Amino acid sequence: GQQLNQSPQSMFIQEGEDVSMNCTSSSIFNTWLWYKQDPGEGPVLLIALYKAGELTSNGRLTAQFGITRKDSFLNISASIPSDVGIYFCAGRGFSGNTGKLIFGQGTTLQVKP
Amino acid sequence: DAGITQSPRHKVTETGTPVTLRCHQTENHRYMYWYRQDPGHGLRLIHYSYGVKDTDKGEVSDGYSVSRSKTEDFLLTLESATSSQTSVYFCAISMTPGQGPQTNYGYTFGSGTRLTVV
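Note that the protein sequences, when read in sequence, are chains Z and V.
So in the numbering used here, spot 94 of the first sequence is number 89, and the numbers just go up one at a time.
Here the numbering used here = 1-based position in the second sequence + 69.
Just so you know, these hints were derived from the structure itself, not from any lab.
These numbers come from a predicted model, not from an experiment.
One thing to keep in mind: the hints can contain errors.
Said to hold, decoys possible - Non-contacting residues of chain V with respect to chain Z, defined by C-beta distances greater than 12 Å in every case (computed):
hint : residue
1    : 108
2    : 121
3    : 125
4    : 128
5    : 137
6    : 139
7    : 140
8    : 141
9    : 144
10   : 148
11   : 151
12   : 163
To be verified - Derived contacts from chain Z toward chain V, CB cut-off under 10 Å, selection only:
hint : residue
13   : 76
14   : 79
15   : 83
16   : 97
All residues carry an ideal CB built from backbone N, CA and C; glycine is no exception.
Here chain Z stands alone, though its shape is the one from the complex (with noise of 0.2 Å):
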């Protein structure tokens, strides 16, 4: 089956530090999105990236869909404490139309004041 690995699993950067993560599929997605998990509570939508080499920006974000359609990475630039969080990419391949998507495994960012 599909499959995603994120990179890294984890991060501990000082505030004000620029972070960059990035996922890799064994297959094509049509679609790659980016989610943020606050402690106790659910992932919410970051970044939504539906053509290859779309590069997106939402605030200190900025993310990219490959343009092989097998990767995308996450920017966050200057980050601060709130930033702290696990962050989930997630994408859809061309197997039928159930909407489902595939999640990795998350980085887990803490950020140091």
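Starting from the structure of chain Z, add chain V where the hints point.
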């Protein structure tokens, strides 16, 4: 915020007992999903529904069953709870792909149910 609620938020149960978790939505979305979240595994799909009484298995469906008798409710049942089913369970909803703007293709998640089987 999307109207999706999960109940209960926390539950402790004994091994071998049946447990039912409820997901309720007020968005009239066609698709509903149940995931479990465990350290190192991310979010894994248990079951999903693509309409009333239409359900299908996900990647980790053994030991779980679901029912959807009306659009707004999706129930997850652990027939006989085991310690390996201790986890955080999330429900999610989504619009039908191909309808509506592309920004609606993502999932909206509930706040989760923390289940402990002792």
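Going through the hints against the structure:
A beta-carbon of chain Z is positioned within 12 Å of the beta-carbon of residue 108 (chain V); the least distance is around 9 Å. Distance check for residue 121 (chain V) against chain Z: the nearest CB is about 16 Å away, which clears 12 Å, and the non-interface claim stands. Its beta-carbon lying about 8 Å from the closest one in chain Z, residue 125 (chain V) breaks the requirement of being farther than 12 Å from that chain. Against chain Z, the non-interface label of residue 128 (chain V) is violated: not every CB pair exceeds 12 Å, the least being about 7 Å.
Residue placement check: residue 137 (chain V) keeps its beta carbon more than 12 Å from all beta carbons of chain Z (closest about 15 Å). For residue 139 (chain V), the condition that its CB be more than 12 Å from all CB atoms of chain Z holds, with the nearest at approximately 20 Å. With 12 Å as the threshold on Cβ separation, the claim that residue 140 (chain V) sits away from chain Z holds: the shortest Cβ distance comes to roughly 16 Å. With a least CB separation of 18 Å from chain Z, residue 141 (chain V) remains clear of the 12 Å interface cut-off, as annotated.
Look at residue 144 (chain V): its CB is around 18 Å from the nearest CB on chain Z, clear of 12 Å, so calling it non-interface holds up. For residue 148 (chain V), the requirement that its beta carbon stay farther than 12 Å from each beta carbon of chain Z is met, with the minimum near 24 Å. Every Cβ of chain Z is farther than 12 Å from the Cβ of residue 151 (chain V); the closest lies at roughly 23 Å, confirming the non-interface assignment. With a closest Cβ-Cβ approach of about 5 Å to chain Z, residue 163 (chain V) is found to fall inside the 12 Å limit, against its non-interface label.
With a cut of 10 Å, the hint placing residue 76 (chain Z) at the interface with chain V is violated, because the nearest CB-to-CB distance is about 22 Å. Evaluation of the residue 79 (chain Z) hint against chain V yields a violated restraint, the C-beta minimum of about 17 Å exceeding 10 Å. A distance limit of 10 Å between C-beta atoms decides the matter here; for residue 83 (chain Z) the minimum to chain V is near 6 Å, and the interface restraint holds. Interface hint at residue 97 (chain Z): satisfied, since its Cβ lies 8 Å from the closest Cβ of chain V, which is below the 10 Å cut-off.
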